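K.L.:
Protein sequences, first through last, are from chains A and B.
Quick note on my numbering: the first sequence kicks off at 1 and runs consecutively.
Quick note on my numbering: the second sequence kicks off at 1 and runs consecutively.
Since the hints were derived computationally from the structure, they do not count as laboratory data.
Worth double-checking, as some hints may not be accurate.
As the list claims (entries may be wrong) - With a Cα cut of at most 30 Å, we get these calculated BS3-like pairs of lysine-lysine:
#1 K41(B) / K442(A)
#2 K41(B) / K179(B)
#3 K413(A) / K344(B)
#4 K394(A) / K344(B)
#5 K328(B) / K498(A)
#6 K278(A) / K309(A)
Note that the structure is a prediction, hence the values are computed from the model and not measured.
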Amino acid sequence: MKPLLSIEHLSVNFGQQTVVDDISFEIFPGETFALVGESGSGKSMTALSVLRLLPNNAQLNATAIHLQGDNLLARSERELCKIRGRRIGLVFQDPMSSLNPVMTIAEQIVEVLDIHFDFPAEKNQQRVLELLQQVELPEPQRRMAEYPHQLSGGQRQRVMIAIALAGEPELLIADEPTTSLDVTIQAQILQLLKNIQQQTNMALWLISHDLALVSNIADRIAVMQHGKLVESGCNPGLFEHPQHAYTQQLLAALPRLESCNNRPAQERQPLLSVTDFKVYYPIRKGIFKRIVDYVKAVDGVSFNLQQGKTLALVGESGCGKTTLGKGLLNLIAGSSGSVLLDGLALHELSGDALRQQRAAMQIVFQDPFSSMNPRMLVGDIIAEGLHALHPEIKALERQQRVQHLLTAVGLPKEAINRYPHEFSGGQRQRICIARALAVEPKLIVCDEPTSALDVSVQAQIIQLLKQIQQETGVSYLFITHDFGVVAELADDVAVMYKGKIVEVGHVTQVLNHPVHAYTQKLLGAVPKLGGVTP
Amino acid sequence: MVMLWTDALIYLLLLTLAALGFYLRGKEHIKRPLQKISSSKVGMVSLVVLLFFVLIGLLDSIHFIPSNSKNNEIISVLDYWATPLREHGEKTYSAPFATTLYSKEMQTLPDGTAQFGYPTLRFGGSHLTDPTTQLLPDLLKKTAYGLFQGASLSSFFMLLLFSLSTKQRERFKRSATAKTVWAVIFFIVSLSYTLVYLSAYYHVLGTDKVGEDVFYQAIKSIRTGLVLGTLTTLIMLPMAIIFGILAGFFRGWVDDVIQYLYTTLNSIPSVLLIAASILMVQVYMAKHEADYTSVIVRADMRLLFLCLILGVTSWTGLCRLLRAETLKLREMEYVQAAQALGVKQSMILLRHILPNVMHIVLISVVLDFSSLVLAEAVLSYINIGVDPTTYSWGNMINGARLEMARDPIVWWSLSAAFVFMFALVLAANLFADVVQDAFDPRRAGND
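With the hints as extra help, turn the sequences into a complete structure.
P.N.:
Right, here's the structure in full:
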């Protein structure tokens, strides 16, 4: 069979820096080809260089890029415009910012149709409807006249796919199409892509960092590292017998649901007991700002967290898990209910009394880039809590403690005199953990601390958290959407749905024998390595 | 030595700047943008021009009563050095480098006959015996001589500096920016020396209605412009920073009160407020005449109040910006982490919020400076600006505007004010651009 797209010796440079380093591969008609790699490995740049959509300061070198024997490198910018969207469609990662907020859905699809076809107006409308039906958007007739903000994230991604399909392309490039979506929506979108591919026999080039997801959908997989193609092969053969060390390392770092199976269940003293905890945001209307209703972000949640154990709080975006975490720390207003940490009701305190008790509960945030003041030295950041709560400690002792903490989280002592921006995402997350540990807390709320990190870095951070728990006996409330991480780390699991906890139990029980329908749906949607297509 | 109110504030400002510089010295996040500024040609050249203006302004801010003074007149160091310029008054308008007045009048010749013609100037070109033939050669000769002297003077000092400091020499050899900066310094020193040299013999920029040297007026106006630009910012900054950060951080009723305040203030036409307050100062000084005997003290008081009222009316813009930025920052995770660590709110404001809004403050200070210099010109035009006896570009323009209709036109007052103001504002704007680029954290990553 003749390849649809063949890339020969492609390199992309930014000045001295090489982001794509001499890679060659082929994509055949009707197949699903997946390019996997961690962030910064050059996967997106490879896709963009095929369409010559690279940033201005990038230099592209390649022997040839053939689309059905037609060398794209020889095409002028004008001629490429006829190929982009017509013969090669593109779907981006973020459906929130990829659509124009001031144009209706129909207008945005018609825009593409007008560029590539010469349909009369009625035919355009008819085609839009067909496309929306094809991407299984509910009530397509009504949606056509709506604006992007009226759609949910998953629906927007469906519209993006419809736009990409409008030109009836031979190749669809999907660049991390489901990364910003919830796991159940992700399963739906992948199913949709697979269906469309089977209907139209178009080739699908999937770019992703998620090995499990890729193993469920792809026919062939190529692994990229530092701009190089390290290994490629057929699915499932490649992941069953990985040859290259990097592929093996990636697979080993992948959190597995099975890893929880021999975790013993033992009852301990509860450290944190939460009863009927609520966070309501009032909705005010009218000139007197009367409260007409509430947004029930957290709606009557009760659970216990045992000493020295990890409770994972799982749920999709918008279910109120982050609000619950911050509410427990008394960082947001509008919470009610009883929170007892080691017998102490933090929520009944205020002012200085509250400040003094803050040390017992700490938090580690999701985004390692916004969780540290860019204007402060790492040493000052870690010492901040000591400064505030233990002003009696002398400067020298404080510095020794900070150095000790840095060693404990696996960073060099010299980090003390450096700024946060000099560190990578994983290192920053280590600094944040050190900052939380500085005041010797009994409980650390971890708010998706690994979801912004690459899979290998994620594995290291999970390892670090486990190790710290063994050494200090600290408890974790681990907020996450990733069941793999839950299985690696948690003792107990609480599943949250629309502000309520729908299922609580020991990790083996919940993951292997989920009782609640929502938990079953969530677990069913999680892509598993070597599993069947979702 | 006499210290006027604005002088005192200028010294205070200098001290604050020095203290700030001392505090920020060696701080990594300040050093990086500063290095970026110092490697930018445009930035450094505009800084040199600005510093030259500042130097003149500072010389004009050291006031004293000379020992040989007849009527206890307060003068500045600049006045003292420019005594010839100050005292070489003519009768009325004369064009630049002219030897006669601009308009004909009846004059009595030595032999007693009356003649209608251009009277010769008392000082401008008075060393010439036959102005009609000697003027041009003398002018060329003196310009060349002045340029030569100025150039040799500046080259002498530059060579002296390079021979003494190896560091400067190395920098000059290596960096293109240093070469440009020194070239600009060389040019400015030579040019100003030539102008000063020429102004001893001629009125370089002509004279105005009452025969005062326009070059002197333009130079004296520099201080007024700088005082207005800097002192107003000094008054406005604390209000903008404190109110803006408090409103953004505490929200609730604090935010409501502060927003109410600046929305109200913003909806009053500031010209009205300025006019009213200037009038109040006038009345106050008229009532306490004993305390304000000297003309220059009265003028200074009015200048100070103009700064005050401009400051009070102009803090709202920056305050809004800072409030918005603080609203964003207070939701940042590092602020929440600090709260979780039990850090006091005052410390959060000081350590987490304030340093992270400083780039906005810095940028808007430099931008506001130029708009304030221009505002003075507009206010003087409608007679609510500085005192009519204060030298300012606004007053120069205001005085010259009536002569625009005259034929032949009197263009030099207006042009001189324009050129000086333009140079200062352009330098400040270019510098502001470079500062903005250097301190913008979004650009910090890609260099």
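K.L.:
Take the hints in turn and mark each one as holding or not.
P.N.:
Against the structure, the hints:
1. K41(B) / K442(A): violated, 56 Å
2. K41(B) / K179(B): Within the cut-off at roughly 9 Å; holds.
3. K413(A) / K344(B): holds, 28 Å
4. K394(A) / K344(B): holds, 19 Å
5. K328(B) / K498(A): holds, 27 Å
6. K278(A) / K309(A): Distance ~24 Å between K278(A) and K309(A) Cα, so the pair holds.
Hint violations for this structure: number 1 only, all remaining hints satisfied.
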